[in-house]
Every structure is written in structure tokens, then in C-alpha cells.
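Asker: Listed below are the residues making up each chain.
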Amino acid sequence: MAATVEICESNGAGETVTHNITNTNWGSTDSANLNAVSNPITPGSNSYEKWQRLHVTAMGGSSRIDNVKRWRTGSLAANSTHVTNARTSSYGGAQSYAQPSASDRSATYGYTQSVVTSTPGSANVGIAGSLSGSLTGTGYSDYSIEQIQTNVSALVGTTVTDNWSYDETA
Amino acid sequence: MADICAACKLEFETEETYLEHVCESTGFSPTQVEHQDALTGGNFSKVAEAALERGEERLKEEEVKQENEKLPLLKVSGRIITKNEREEIDSFITTTIRAETGDEAREIFIKRYVTENSRLIDSEIEK
Numbered sequence: 278m279a280a281t282v283e284i285c286e287s288n289g290a291g292e293t294v295t296h297n298i299t300n301t302n303w304g305s306t307d308s309a310n311l312n313a314v315s316n317p318i319t320p321g322s323n324s325y326e327k328w329q330r331l332h333v334t335a336m337g338g339s340s341r342i343d344n345v346k347r348w349r350t351g352s353l354a355a356n357s358t359h360v361t362n363a364r365t366s367s368y369g370g371a372q373s374y375a376q377p378s379a380s381d382r383s384a385t386y387g388y389t390q391s392v393v394t395s396t397p398g399s400a401n402v403g404i405a406g407s408l409s410g411s412l413t414g415t416g417y418s419d420y421s422i423e424q425i426q427t428n429v430s431a432l433v434g435t436t437v438t439d440n441w442s443y444d445e446t447a
Numbered sequence: 369m370a371d372i373c374a375a376c377k378l379e380f381e382t383e384e385t386y387l388e389h390v391c392e393s394t395g396f397s398p399t400q401v402e403h404q405d406a407l408t409g410g411n412f413s414k415v416a417e418a419a420l421e422r423g424e425e426r427l428k429e430e431e432v433k434q435e436n437e438k439l440p441l442l443k444v445s446g447r448i449i450t451k452n453e454r455e456e457i458d459s460f461i462t463t464t465i466r467a468e469t470g471d472e473a474r475e476i477f478i479k480r481y482v483t484e485n486s487r488l489i490d491s492e493i494e495k
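If you're matching them up, the sequences are chains A and B in order. Heads up: the first sequence begins at 278 in the working numbering, then just goes up one per residue. Heads up: the second sequence begins at 369 in the working numbering, then just goes up one per residue.
Please keep in mind that the hints were generated in silico from the structure rather than gathered at the bench. Careful, some of the hints might be misleading.
[Unchecked claim] Only some residues are given here: those of chain A computed to face chain B with a beta carbon under 8 Å:
1. A279
2. T281
3. E283
4. E292
5. T295
6. N297
7. I298
8. A309
9. T334
10. G337
11. E445
Yeah, the Cβ is synthetic: ideal placement off N, Cα and C, and Gly gets one too.
Let the sequences and hints guide you as you build the complete structure.
Answerer: Given below as C-alpha cells:
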């Protein structure tokens, strides 16, 4: 039997956790599973940040979950960048939750890296503040924080694939 | 703080009550693999299986690494070769040199490696 894992997103001032999100639609509102058509990013602006975590809901007899990775496949349209706090070295540690914002708070929350477009060679999302951390029971990874940043020439409507992976030890 | 199940839209006061609920959308609780499989068309089990395979592979690698660390230090041509160098040598020997000549070839390779301080190509090894 395997561990049960889901991806969760946190929103709002008081942190509402939406479990098992079905997409990472970027937009102009602080909401999980948002409607991107109704909430488009104005060119020249940023999306609201996404604060997401991997959540182990049951170990299922396994002993360890670790090596959490996140990356994107597919290219963004021109004039936009996709930034993150995920990184395989010089990791900034676990961030404490703050209500997602459409401001560029990369310096505060460490999302200064461009999202990689192939599987990272090692973990880039920490657990308990460390890239070598692990979960041995139910619990969360650190927050993976991402934002789409655009300039005035950006076009709406790009679709890419958001990937997560983890290792499980029986 | 509140916890919402994206599948059935129910809201819970704590993570624990979320984990305990039986989702009206899937008929299972979020702690059950069946819940994830119901939401992903069975893909979750494949994801979990791949995660287990990666975990087992890494576990084996860690065991081999620990075994290697137990090996005595190897001193060649006046200096101790590093752990990384030794792993590289062992990997090279294992993958490129015939088992029956392994010991002799290993010695030759190590001496050349340390002397020249560079990786040798296959053709330079005396087999």
C-alpha cells in the first residue's frame, strides 16, 4: 500500500487551505482553482502568488516521503516570467504563510528563481525548511511560492503543465 | 483557518476533521488511495508506484554509498584519492572492464588517474 498525497493551496488572510486542488490557474484574484477567463492578469501586472504545498494525508505503511520537486513543462508566452522560491541549492528555508498578493514580494519571500522547465536533479522544495528533509507521518512540505510576472506586451491565455514529484520509501 | 475539500466543497475547522471525512464526491476519505484514484481516473496509483520505485532506488544507492564509505582510504602515488574519485573509478571499472582482469586493470587505472589527474578514456586502459 502506498502513501496518499495531494497538493493543497492556501489563500486568504486567515489561511484557508483548499485540499487536492485540480489546477494552478494564475489570475487576478486570490483563489484556488480560479477561473482564469474571469480573472485575467492585466498585462504589465503580476498574478496573485500561489502558495502551495505537497500534503501527505496518510503514510499507507511507508516510512518516508522526501525529495520533493516542482517544475513546469511548456513555454510561457513572450513578455512574461514565472518565478518561484523552489531551488536545488541555497534554499531559503520554509516561509511562514502570508496572504497571497499581486505585488512583487520576491525579495521578502524568496521567489527570485525562474521556474525550471525540466525535472530538477534533486529536491527543490523543502520539508521542515530543508531540501533533505522528509516526512514520516502526515504533514506538509514547505510552501512552494510562485508568481507570473508580465510586462505590457504580454498576451493572456498561455497553458503549461505544472509538475510535482516526490520519492516514497516503503 | 479553514480546510476545504476541493472535491466535495465541504469546509472543515481543522485538518484532522478534513482527513476524517468521507468525501461525498468520491465515497472515500482523503487518507485513502481510492479517493485519489477516483479523482484522477486511477492515475494516482501509478504516480505512487513510481514514487516508491524512485524511493527504493535511492535507498539502494544510499546503502552502496555507506558501504563505500566503510572502505579503507586508498593512497596512490603519494596522495589519498578522494571519495568522489574512488566512486568514479569504481563506476568505471564496473562498467567498462572485464571482471577477470578487474584487479590488475583497476591498479593501472588508479595510477594513471592520480598521476594525470584526469579521466582516462577506455582505449587507454590496458585490459
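Asker: Indicate, hint by hint, whether the structure satisfies it.
Answerer: Each hint tested on the structure:
Among the interface hints, the one on A279(A) holds; its C-beta lies about 4 Å from the nearest C-beta in chain B, closer than the 8 Å criterion. With 8 Å as the threshold, the beta carbon of T281(A) comes within range of chain B, its nearest partner Cβ sitting at about 6 Å, so the hint holds. A hinted interface residue such as E283(A) counts as satisfied when its beta carbon comes closer than 8 Å to some beta carbon of chain B; here the least separation is about 7 Å, so the hint holds. Look at E292(A): its Cβ gets to within about 5 Å of chain B, closer than 8 Å, so that hint holds up.
Checking T295(A) against chain B by beta carbon gives a least distance of about 5 Å; that is within 8 Å, so the hint holds. The interface hint given for N297(A) is met, as the beta carbon of that residue sits about 5 Å from the closest beta carbon of chain B, less than 8 Å. Annotation: interface hint on I298(A) holds; nearest CB of chain B at approximately 6 Å, less than 8 Å. Evaluation of the A309(A) hint against chain B yields a held restraint, the C-beta minimum of about 7 Å falling below 8 Å.
Because the smallest distance between the Cβ of T334(A) and any Cβ of chain B comes to about 5 Å, under 8 Å, the interface hint for this residue holds. A hinted interface residue such as G337(A) counts as satisfied when its beta carbon comes closer than 8 Å to some beta carbon of chain B; here the least separation is about 7 Å, so the hint holds. Of the supplied interface hints, the one on E445(A) holds, with its beta-carbon coming within about 4 Å of a beta-carbon of chain B, less than 8 Å.
No hint from the list above goes unmet by this structure.
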